[in-house]
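Construct all of the structure, not just a fragment, from the sequences and the given hints.
Every position in the sequence shown, counted from 1, becomes a number in my numbering once 9 is added.
There may be inaccurate statements among the hints.
Stated by the list, open to error - What follows is a list of derived Cβ distance ranges for each label pair:
#1 257 - 402: 32 to 40 angstroms
#2 61 - 315: 25 to 33 angstroms
#3 117 - 228: 20 to 28 angstroms
Hints were generated in silico from the structure; no laboratory data involved. Source: prediction; values computed, not measured. All C-beta atoms in this analysis are idealised placements derived from N, C-alpha and C, irrespective of residue type, glycine included.
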Amino acid sequence: MPSRVRRRLPSLSRGPVTAALVFLVALNLRPALTAVGPVLPRIGAELRLGEGAQGLIGSLPLLAFAAVSPLVHRIAARLGADRTVLIALVLLAAGIVVRSATGTPGLWAGTVVVGSAIAIGNVLVPVLVRRDYSGRVSAATGVYSACITLAAALASAAAVPLADALGWRAALGIWALPAGAVAVVWISRCSGAPVDRSREAGDGTAGDAPAVVGSLWRRRQTWLVTAFMGLQSTSFYTTVTWLPTIEAASGQTPAAAGMHLFVFQCVGIASGLAIPSLMRNPSSQVGAALAASLPLFIGLLGLLTAPGAAVVWVAVAGLGSGASLVVALSLIGMRGRSTAETARLSGAAQSAGYLMAALGPVLIGRLAGETGGWTVPLAVMAALALAQSVVAVPAGRP
10 MPSRVRRRLP SLSRGPVTAA LVFLVALNLR PALTAVGPVL PRIGAELRLG EGAQGLIGSL
70 PLLAFAAVSP LVHRIAARLG ADRTVLIALV LLAAGIVVRS ATGTPGLWAG TVVVGSAIAI
130 GNVLVPVLVR RDYSGRVSAA TGVYSACITL AAALASAAAV PLADALGWRA ALGIWALPAG
190 AVAVVWISRC SGAPVDRSRE AGDGTAGDAP AVVGSLWRRR QTWLVTAFMG LQSTSFYTTV
250 TWLPTIEAAS GQTPAAAGMH LFVFQCVGIA SGLAIPSLMR NPSSQVGAAL AASLPLFIGL
310 LGLLTAPGAA VVWVAVAGLG SGASLVVALS LIGMRGRSTA ETARLSGAAQ SAGYLMAALG
370 PVLIGRLAGE TGGWTVPLAV MAALALAQSV VAVPAGRP
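Here it is as structure tokens:
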């Protein structure tokens with residue numbers, strides 16, 4: 010069937026209801042990660058893991074992101090984006106169970122599987138948003154980011170109460186349930202959906218020649234989008250991994266530290282939904298990129314210099330973190346010249362960006378261990394947020 014005719018036909022993966030299912034996938038892309046930070050001291054105590062090893066638990070998913078992201082567009086080109094997301098959801102549920110229920114080796118193996126599954130979703134959800142919401146990429150990305158942030162915040166807040174009641178393994182394992190449920194629902198979206206490779210992930214055919222000719226890495230914008238993605242990811246994952254430990258060291262109870270992490274992510278929902286209003290100008294996203302980056306720097310600097318007002322600085326940093334994710338994902342969607350190139354750019358930017366982010370939790374943990382405190386690590390975190398603010402200007406230019 011000619012592709013022009015096929016595009017006019019309704020399909021299960023193009024209707025408004027089934028298109029909205031992508032937001033259910035987004036709800037599963039962070040809880041398996043953000044539930045770890047609040048119970049990390051318990052994991053370390055039970056398994057006798059030092060700060061460096063605990064940091065590695067936070068970094069392993071990011072290393073998986075970096076390794077898997079460049080491969081996703083090839084898998085999706087063969088199977089279709091919708092079917093590939095279904096595989097990711099099944100792997101995510103399985104990885105969560107393995108991580109929680111199979112002992113110490115399973116903790117490490119399951120963490121890798123969880124990271125690999127989320128990497129697929131990270132790459133393909135922006136592609137599906139561009140495909141199904143082509144006229145409203147920034148707004149749809151704001152909703153998608155809000156779903157990510159809301160679920161991440163709920164997981165952080167629930168981690169300590171669940172661990173108190175059920176143990177840390179059950180507190181982490183419970184997140185297999187929503188992933189499995191969404192996989193069941195997602196099957197209906199995949200049933201009968203044609204594998205339109207020229208439109209979904211691209212294989213270099215049917216009008217996607219620009220994505221094949223030349224390397225994305227020869228484009229300055231690829232490096233800038235990747236740098237912005239990497240810096241905001243580094244700040245986010247370092248913060249959600251270590252913020253509860255940092256606050257516990259300053260005298261906060263574990264429950265209070267977990268709630269502060271909840272605040273950090275919840276305020277990001279509002280900023281993530283608001284920031285697309287600053288991205289309506291198609292010629293420049295500099296204002297939005299700066300508006301997203303500076304609060305993150307201010308919040309981390311405040312935690313360093315005035316820790317007594319921790320909840321205020323956590324909220325300010327959260328405003329920047331939530332908005333930064335939307336800006337980063339929107340830049341990926343806007344800078345791709347076709348759906349196929351968007352998939353490649355998403356994979357490339359997220360691979361390199363998350364490789365960069367993977368170093369954050371480990372290095373911050375080592376710095377804390379070597380310096381005997383959190384002053385130097387917080388200073389480094391603030392410096393990274395400042396670097397993001399600097400990159401925001403050229404990255405936001407067309």
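Violating hint indices (sorted, rising): As far as the earlier hints go, only 3 is violated by this structure.
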